Amino acid sequence: MSFVFYILAALTVAGGLAAMLLKNTVHCALALTVAFAGQALLFLNLDAQFAGFAQILVYIGAVAILVVFAILLTRGSETPRDGVFSGTWLVGLVIAAGVFAVLGWAVIQSIPVLPHETAVPAVTVLQIGNALVSRYVLPLEIVAVLLTAAMIGAVIVAMHEKEGQK
Amino acid sequence: MTPLASYLLVAALLFSIGLAGALTRRNAILVLIGIELMLNAANLNLIAFWRYGPHPELLTGMMFAIFSIAVAAAEAAVGLGLVIQIHRHAHTTDLNQMNRMKG
Chain U
1 MSFVFYILAA LTVAGGLAAM LLKNTVHCAL ALTVAFAGQA LLFLNLDAQF AGFAQILVYI
61 GAVAILVVFA ILLTRGSETP RDGVFSGTWL VGLVIAAGVF AVLGWAVIQS IPVLPHETAV
121 PAVTVLQIGN ALVSRYVLPL EIVAVLLTAA MIGAVIVAMH EKEGQK
Chain B
1 MTPLASYLLV AALLFSIGLA GALTRRNAIL VLIGIELMLN AANLNLIAFW RYGPHPELLT
61 GMMFAIFSIA VAAAEAAVGL GLVIQIHRHA HTTDLNQMNR MKG
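Protein chains in written order, with this note's numbering: chain U, 1 to 166; chain B, 1 to 103.
Hints are computed from structural coordinates only; laboratory data are not their basis.
A couple of the hints might just be wrong.
[Unchecked claim] With beta-carbon atoms standing in for the labels, derived distance ranges: (1) U:127 / B:97: 25 to 33 angstroms; (2) B:55 / U:78: 45 to 53 angstroms; (3) U:126 / B:55: 41 to 49 angstroms; (4) U:127 / B:100: 28 to 36 angstroms; (5) U:65 / B:57: 44 to 52 angstroms; (6) U:117 / B:96: 45 to 53 angstroms; (7) B:97 / U:138: 39 to 47 angstroms; (8) B:57 / U:88: 46 to 54 angstroms; (9) B:100 / U:99: 25 to 33 angstroms; (10) B:71 / U:127: 21 to 29 angstroms.
Note that the structure is predicted; figures quoted are calculated from it, not measured.
We put the CB at the ideal spot given by N, CA and C, even for glycine.
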């Protein structure tokens, strides 16, 4: 297990924690960007170049910008006076800790059967592109339709309706 | 510990952080951020299993992760559009005050 992995894992987890714990919503969005970047680097560390760059393009380039826009459009950067966590935060924390305990226990129990270090897969972007338009062409078309529908839906949902102009 | 187990543990930790945030934050946008973190943790699992699985040249886990990223992007766009519309309607993004379905 390399030293690089520990740095990237610490960066990603710290970004995620900060995104969920900070009070100012804009700071949360910036911490989220750090978590996304850390995860893209983890993908690169796993020799998944295409997924890493797709992560950077989609998450840092689009989703993070979208989140910042939504925060600024809703004036969400104003910290509410009565705290940022709901009244039942303890229940949520216990549920999350329980989920982590179950997942961690399952992973640690299965360590003996997990595969060890294997050879680096020689996968090029050309192969991924060929697979996308041959074997996975139907999912690709469905995702294209989904993205178009989501785009139109998001525009219609967020469109401003003037009074009496429905 | 095998490298795959370390990646799975990091993904489990990220998933739990996202779940805790989605369950405890009051701002609707931050709940969406928590859901994004959970989706990211699932993607990390998919890529890790692809990398250490028996047939990485078949690209199964990689394709799963790529389509998952696309679906997550669509979900984020629609979700944030909904939050903006709710804010326009109810003048709040506080989930504690969004307790009516009628306008």
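Practice prompt. State the violated hints by number, sorted upward, taking the hints as numbered earlier in the document.
Written response: Hints 1, 3, 4 and 5 not satisfied by this model.
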